[in-house]
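As numbered in the numbering used here, residues 5 to 349 make up the sequence shown, in order.
Hints are computed from structural coordinates only; laboratory data are not their basis. Note that CB positions come from ideal geometry on N, CA and C, so glycine has one too. There could be a bad hint or two in this list.
Pairs of lysine-lysine, DSBU-like flavour, derived with a Cα cap of 35 Å [what the hints assert, rightly or not]: (1) K300 x K217; (2) K217 x K302; (3) K132 x K343; (4) K342 x K179; (5) K207 x K315; (6) K348 x K315; (7) K155 x K260; (8) K223 x K264; (9) K260 x K348; (10) K315 x K258; (11) K132 x K342; (12) K223 x K179; (13) K223 x K132; (14) K258 x K327; (15) K264 x K327; (16) K308 x K144; (17) K31 x K50.
Cβ pair distances, simulated, as ranges [to be verified]: (18) E147 x L83: 34 to 42 Å; (19) S120 x F34: 55 to 63 Å; (20) Q98 x I273: 53 to 61 Å.
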Amino acid sequence: MLEIIVLPLLTMVTCKETRAAIMALHKNGFTGKDIAPKSTIYRFIKNFKERGSILVKKASGRPRKSSKRQDRLLKRIQLRDRSATSAELAQEWQQAGVSASARTVRRRLLEDGLVSRRAAKKPLLSKKKNIRDRLIFCRKYSEWTAEDWGKVIFSDEAPFRLFGASGKRLVRRRKGERYHQSCVMPTVKHPDTIHVWGCFSSKGVGSLTILPKNTAMNKEWYQNTLQQQLLPTTQQQFGEEQCIFQHDGAPCHKAKVITKWLGDQNVEILGPWPGNSPDLNPIENLWSILKRRVDKQKPTNSDKLQEVIMKEWVAISQDLAQKLIESMPSRIAEVLKKKGQHCKY
5 MLEIIVLPLL
15 TMVTCKETRA
25 AIMALHKNGF
35 TGKDIAPKST
45 IYRFIKNFKE
55 RGSILVKKAS
65 GRPRKSSKRQ
75 DRLLKRIQLR
85 DRSATSAELA
95 QEWQQAGVSA
105 SARTVRRRLL
115 EDGLVSRRAA
125 KKPLLSKKKN
135 IRDRLIFCRK
145 YSEWTAEDWG
155 KVIFSDEAPF
165 RLFGASGKRL
175 VRRRKGERYH
185 QSCVMPTVKH
195 PDTIHVWGCF
205 SSKGVGSLTI
215 LPKNTAMNKE
225 WYQNTLQQQL
235 LPTTQQQFGE
245 EQCIFQHDGA
255 PCHKAKVITK
265 WLGDQNVEIL
275 GPWPGNSPDL
285 NPIENLWSIL
295 KRRVDKQKPT
305 NSDKLQEVIM
315 KEWVAISQDL
325 AQKLIESMPS
335 RIAEVLKKKG
345 QHCKY
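Produce the entire structure from the sequences given, and follow the hints as far as they go.
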C-alpha cells in the first residue's frame, strides 16, 4: 500500500516535497525497498546520509573543452577577422591546442555576445578627407538642438524599381510551397527605374517630383526642380521665416550656376555637407520607409509605380517627419563619438 502511495510521486523526483516525504518514511524505519523498488530512492537516502540535505547536488556537467584563457584567444581571433566562419575559427583554434567543433565555437562566441549577423551596408569612407569632413561638419553643428534642426529642409534624389527590387523580401512557406504564387517575388532582366527628387522638414513632407524618362539629372534639370519644387515648399512650410536648405555634394548640386541661383534667391545652405554621409541625412530613412510602403502595393508597371509613389509620399505623417528631424543631435553625437566613422542611422 505504501508503494502505491509513493510511486506516483516518483514522476516528480526533483520535487522538494517528494524528497522530504521519502526521508520522513526512511527516518520512521522504512527501507528503500519498503518505500518503492526504485534506485532513485536509494540515491536520495545515500545523498541525505552523506550531505545531511535533501537537496540534489548540482551535477558538474560535461567538462568544458576550453579554458577561460583559450576562450579569450578565440575572441581575439574572431575580432581580427569578423567575417571568419565558425568552421574556419575552429581550425585556427585547433592550431592553438583546442579541439572543438564549429558548434562549440558558436557557443563560446555567443557567451561574449558575438552573434552572426548580416553586415550593414554603408558607403566606403576610403579617404581620410571623408572622415575629416564628417568631423568638421559634426563639430560645427554639435551644439544645435532639435529646434534648430527643425528649421532645415533636407533633400535628395532616390531610385524606385518595379517588383520590390528596392529591398529584399522574406516569406514564410511550408515544404513544397517554394514556387507558390504568394511565395515568389517576380523579377525582370531590366526593371523600370523611376528617379525622384523630394524634400522634407520637421513640418512634414514637401514637394516630390519625378524625373521624366530620357532626362539627364544635370544642372538645368536641378535648377528647374529647385524653382518649381523647393521654393513653393519653403513658402508653404516656413512663410517669411528663415530656413536652411540641405543638399549633398552631387555634381549638379555644386555647379556654379546652382550656387549663384541659390544666392540670388537668398537660400541659406547647410554645410559644407560631407561626402558619403547618408547616415547624417534623415531623408535616407524616409526613402527606406517610402520604398517599403510602395513595395507592399506591388505595382506592376511604370505608371502604377509613379502613382503609388506619389500616394504614399503624401501619406507620410508630420509626426514621422518630426521624429526623423529630432534624431539629428543623436546622429551628430554618435559620429563624433566614433571619430568620424559611420553611425547606426
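Original post:
Honestly, which of those hints from before does the structure not fit?
Top reply: 4, 12 and 16
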